[in-house]
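Number of protein chains: 2
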Amino acid sequence: MRSELSEPTVYRLCVVLRILEELRSKQIVISSSELSKYTNTTAYTLRKDFSLLSGVASSKSGYDIENLIFCIKSKLDIGIAKYAAIAGLGRIGMAILNYTDSRIKGYDIVAGFDASVNKLETLHTDIPLYPAYDIEDIVRELKIKLAVIAVPADKAQEIALRFIKGGVEGIINFAPVIIKTDVDTVYIKNIDLVTEFNFLSSIVKTKGE
Amino acid sequence: MRSELSEPTVYRLCVVLRILEELRSKQIVISSSELSKYTNTTAYTLRKDFSLLSGVASSKSGYDIENLIFCIKSKLDIGIAKYAAIAGLGRIGMAILNYTDSRIKGYDIVAGFDASVNKLETLHTDIPLYPAYDIEDIVRELKIKLAVIAVPADKAQEIALRFIKGGVEGIINFAPVIIKTDVDTVYIKNIDLVTEFNFLSSIVKTKGE
DNA sequence: ATCAATCTGTGAAAAGTTTCACAGATAAAA
DNA sequence: TTTTATCTGTGAAACTTTTCACAGATTGAT
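Protein sequences appear in the order of chains A and B.
Here the working numbering is used: position 207 in the first sequence is 280, and no number is missing along the way.
Here the working numbering is used: position 114 in the second sequence is 187, and no number is missing along the way.
In case anyone wonders, no lab produced these hints; they're calculated from the structure.
Some hints here could point you the wrong way.
[Unchecked claim] Short derived list, chain A residues pointing at chain B, Cβ under 7 Å: (1) Leu149; (2) Lys192; (3) Leu193.
[As the list claims (entries may be wrong)] In silico negatives: residues of chain A with every beta carbon more than 10 Å from chain B: (4) Lys121; (5) Gly239; (6) Asp255.
We treat Cβ as the ideally placed atom computed from N, Cα and C, and that holds for glycine.
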């Protein structure tokens, strides 16, 4: 008896969760209207989202932050560790890895991959590193469910395929190329600066007239 | 007499544009169903999107790629140069800058900012660099409309404010923190790994049962 | 020249999402 | 204690977006 949440709702809840975890040390409660200033959404919509959770505690000053964090996490099953891996240990890959160490809790990055065996020997990281041709096996063996791709554009499609064959369920792709897939057992999120630039520039133009 | 496109449509068109520019050297035509494999969308939806453009040329084998690129660009006014800037010249910032040089056409990154004057003197880039405290003035002076933020988390909010005061219309934020704004003259897109991880892991879980 | 296969194009229906209006609740001030 | 201001919670309405069904068009094969 799990009532489903819509995809936009899930995304907004993830953003809100992120904000709350940033704010938890600074304040106790927060109102829906203040929260809306952090998101591209209205207070109405956030309230409606929260109404789909259970056990939310609020008062005239707003929502109890700790309680709301707990409710969102329970509903979304966040906090149950999922194994993740990263492919491509160049500038972006290493930036993500380092930033990750300290910040992403609940996600265990358990493997790094790179095509250059040379690089694998030189790098010093907290996680085990493997050559890229082992992706499929390692993913299967370690039950890795999420992958981050930060390899050069011309390798991204092939690397994605190996992850998919190994059985990952989600991919975040930072390579400047859009990855294609035939299956729909995997959700691919492309993070592409060119696309974002074009989108931003299109909608700001539209808003302004 | 400009018929407005919805935000989801604009975003999909930006993604499609990106794909087409990748594919233009490899093939002449593409069908809506093949395109849909690159996006998290159906062929129906893409066809409907294209029906909102004007001058689209198609045949039984699909859409003419060059023509479609042209139609999307015209409708979205993409290709008209907008000035952009980047703040934070650490690992991510420099990665973006380098990746950018060769790839983002139509956007002139005309300024880089960093808090460390020391760093500004050491770095060798193709674009002029300025200290972070000059953001507001330089943005105004150079008519910069888009900003990329890649500074440490605790500085991002303040840097964003300076860009906004200077008059930018859109911000892409890579700092691992959600930026807040009171005004709605600026569109902020936060690209946050933690949020993406949580979202991915929530929706793949949901899909699988 | 005809047929079969496979595209696109689009109005209408369906589904999904957001907004609104207002009732109810609570905290702080008078 | 009463009032006032300011929250949340939510059903219903409004709006938006996607899906569908099928007509029309084009290509290639026979």
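A quick look at each hint next to the structure:
1. Proximity of Leu149 (chain A) to chain B holds as hinted, the smallest CB-CB distance being about 4 Å (cut-off 7 Å).
2. Look at Lys192 (chain A): its Cβ only gets to about 16 Å from chain B, farther than 7 Å, so that hint breaks.
3. Annotation: interface hint on Leu193 (chain A) violated; nearest CB of chain B at approximately 19 Å, more than 7 Å.
4. The beta carbon of Lys121 (chain A) is kept farther than 10 Å from every beta carbon of chain B, the shortest such distance being approximately 18 Å.
5. The Cβ of Gly239 (chain A) lies farther than 10 Å from every Cβ of chain B, with a closest approach of about 15 Å, so its non-interface assignment holds.
6. Distance check for Asp255 (chain A) against chain B: the nearest CB is about 6 Å away, which does not clear 10 Å, and the non-interface claim fails.
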